[in-house]
Each structure stands twice: as C-alpha cells, then as structure tokens.
Amino acid sequence: MPSEKKAALARRRAEDRAALERGDHVAFDKEDMPRLPASVTRSLEEHAFVLVPAEDGAAQEAVREFFRRYGPALDDLEDCPAVNRLCGLFQLGIKRDPSQDAVLLQPGKAAARVKTAPFVHDRLTHSKQVAAHMVALGCTLGEPPDRLVDAALGSLLHDTGHCAFSHDGDQLLVARGRPDHEMRGQRLVLDDPDIRESLALAGARPDAVVAVMREQGRYGQMQKLMDTLAYVTLDAEMAGAPLPEGFGSAVLRSICGVDEHGFAVRHPLALMDVLTFRARLSKAIYYAWYNRVAVAMLQKVLGTLLDAGRLPLERLERGSDQEIEMRTTLALGSSGASEEAWLQSANAVSYGFWEEFERHWERLEFADGDAAAGWLSGLSPSRAASGVLCPPYDYTKKAFLARTSLAVEPRRLQASPDIMDSIDRQWIACAYKQG
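No gaps in the numbering here: position 1 of the sequence shown is -11 in this note's numbering, and each next residue is one more.
To be clear, the hints were calculated from the coordinates, so they are not data collected in a lab. From a predicted model like this one, the values you see are computed outputs, not experimental measurements. Watch out, some of these pointers could steer you wrong.
[Said to hold, decoys possible] Per label pair, the in silico range of CB-to-CB distance: (1) G297 with A329: 19 to 27 Å; (2) R351 with R10: 52 to 60 Å; (3) A359 with G191: 37 to 45 Å.
Ideal Cβ positions, reconstructed from N, Cα and C, are used throughout, including at glycine.
Given only the sequences and the hints, what does the whole structure look like? Please build it.
What follows is the structure, given as structure tokens:
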C-alpha cells in the first residue's frame, strides 16, 4: 500500500492531467512571458520516442512496448515523495547570470550570446530526461526490457539523494560527517517503502537499480553518458542556445555496443561533441568566475550558520533550495549584530545581488592556493573572517572510453584543456571591505 503522501501526490497529478485535458487551466498569452521549451513539457515516453533515430522503426516499436509494459511503474515511482521532492531542487542550484552575457560555442553552429540565468528547471525534470535517454539508447541497442527497466528506474532515481543546492550543499554535509548524496540515494532505494513498492511493480531488482545510480557495470556506463547528454542538452536549451536538432539522436546512433568499461562506437566524434559542449557550458555557466564566487559565498554562509546551530543540518539534507534560502535570510535578519554585516552581504551575493559584491567586496586572483590563503591571512582578523577562497576546477577532465571497430585499444575521449581561460585556472580570493 502506498503511503498517504504518495497517494496524495498520485491524486494531485491525476487531477492536474484531467484539468489540462479539459482545458480548465489558466493560459498566459503575453508575448513577453517566458516559455518553457517543448522538451521540458514532454512526458517521459514522448521524450524517449523523440530521441530514437527516425529511421529505426524496430527501436521505435521497442520504446512503445517498453512504456506499455513499464510506464505505470515509472509513473508510480514519480509519485513517491522522496522522488517528487526533486521538484524543489533547481538543476543548477544558485548558478545564475549577474546581468552578463556569455559566449557559447555550439557543435555545428556559430557562436551565440546567451543569458546564463535564471534557470527554472529542476532535478526531477532532469532525472526524467535521463531515464528517457536511457530507454531510447537501450531500445536502440536491443537491450532486454526486463533488464532495461532496472536501468530506467536507476536513471530516474540517480539524483534522489541530493540535498538543497545539490553538490554545493553536499560538500557541507560530508564535511560534517553525513553520507554523500550517492549513499543517501542508495539508502532511499533500499529502505523507502514507497520506492520499494514502485520497484516491485516493475519487477525490478533493487541491487541492479543501485548499481545504475552509482554508474557501475554496463548500465552504469550508459547512465553516465545519458546523464551528461541529458543535462547538456537541456541546460543549453534553457540558456537560450539549443543544440542542433537531432543532436541527441546522433549520439545514440553513434553507439553500437557498451561494456562495463566504455563504448563501442561507429565514430567517436559524437561523444567528443558531448564532452566538448559540456566543457563550453562549464566555461560559460557552471564554473564561470561569478558562479564560483556565488557558490563559495553560499557555502561560507551556510557553514557559519550550521556550525552556530542556527540552521539545522537535517533541513539542509532534506529541504528545498527555496526553504534554505528563506531560513538563511531569516536567521541572518533576526540578528542585528554589526559583525554579521559581511554575512548578510555574502548571503545577498549568493542569490545574485552582484551590485552588493561590487560595492562591498575585494576580489583578487592568484596562481596558487597558498598565495591566495596568504593574502587572506595578512588581512585584519575581522576581514580575514569574511574571506572566501574559490579554487579552480578542471572542467575538461570528464572522460569516456570509446573504441571503434578498427581500434585495438579503447581511446580516452576528453575535452581539450585549451578551452579553459586563464581565469578558469586561477584561485579567487574575496574579502569584505569594512567601513
């Protein structure tokens, strides 16, 4: 039997679908209203079907049959409260645009200038798209449906263990002795009765589902690639610079086999495009200097409040992004202490108030972490207390192993390190200006 919360979510979704079918909903028709791309509003089945190459009739029929058989179980899983809470986690956390444009180079297209935020898509949308990609790839490769369902369910569940602000919040939890998001997700799959009920409905094997979530084995390799392809495609679309039509299908079409180590491909170019475009998104958005600073500021604020007992650790672990934003703002607003001026300022910067940063913060760049830390240690104690360090991050290191029919050894595919600018390799140190 489903829990009361799961049953309530299922009823609400059924009511929403019925209202949409009747046309009984509010429609916005202002030209300046933001529109969600079609890929966000598609069902899981529709998204999988779009990804299958149009000329592959057998794979298209396999997708239809898969959802006839397992669609109800996937819907049931989405109704689980532990899965549905991903609606409250933005896919990119606090990363946004401080009224700056970024140049984005795209495969097969000219450079485009895009706004890097706000990003309204959430981790549930992303997880559903990863599951759709997994089904599409599995059907293209002719995977047995009763094994592919483990992979699809694992893909839908792969982000379930995320806390508020996802990876950026996860680092704070791990530093305080809590398990990481992968372990939290694994525990949910094995212990949550609602999730176990959904897996049983599909005849899935919980241990196989967990292996997919942890990117282990053949299906884990597939999930690793489909996860990357899904977020690169959706993030680019949400940023206003969609990839060329058919990009995802071309990636699927390039793959002719998978083992626990990597992929057999007809040509490695499609997988290289995925990695290269991911690196360019990282440069323009994910790890742009201002988002590195925003993340460091957020972690400084949350860490200070957690250590002072002013923010419960379990709320960061289980709450939504917006809940934690409200809790931190209220916690800081309840204290009139002048020494917390920098904390309130850092909190504002975290949520995109870049005028606050330009007015009240000093920023310097350093070639190494020792020099950056040395500068902070040379400040007055009160200024040093506000200091944040932003280490560089090599966003070109993600790799896939791929082998063509003519190659004896697999080739390690990786984006070129030349994509990184000098600022991407620098340490950034910031401190609050007093007075």
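Supplied distance hint 52 to 60 Å, evaluated on CB atoms of R351 and R10: holds (54 Å)
Beta-carbon spacing of G297 to A329 - inside the hinted bounds 19 to 27 Å or not: holds (21 Å)
When you take the CB atoms of A359 and G191, is the distance between them in 37 to 45 Å? violated (58 Å)
Checked against the numbered hints given earlier, this structure breaks only hint 3.
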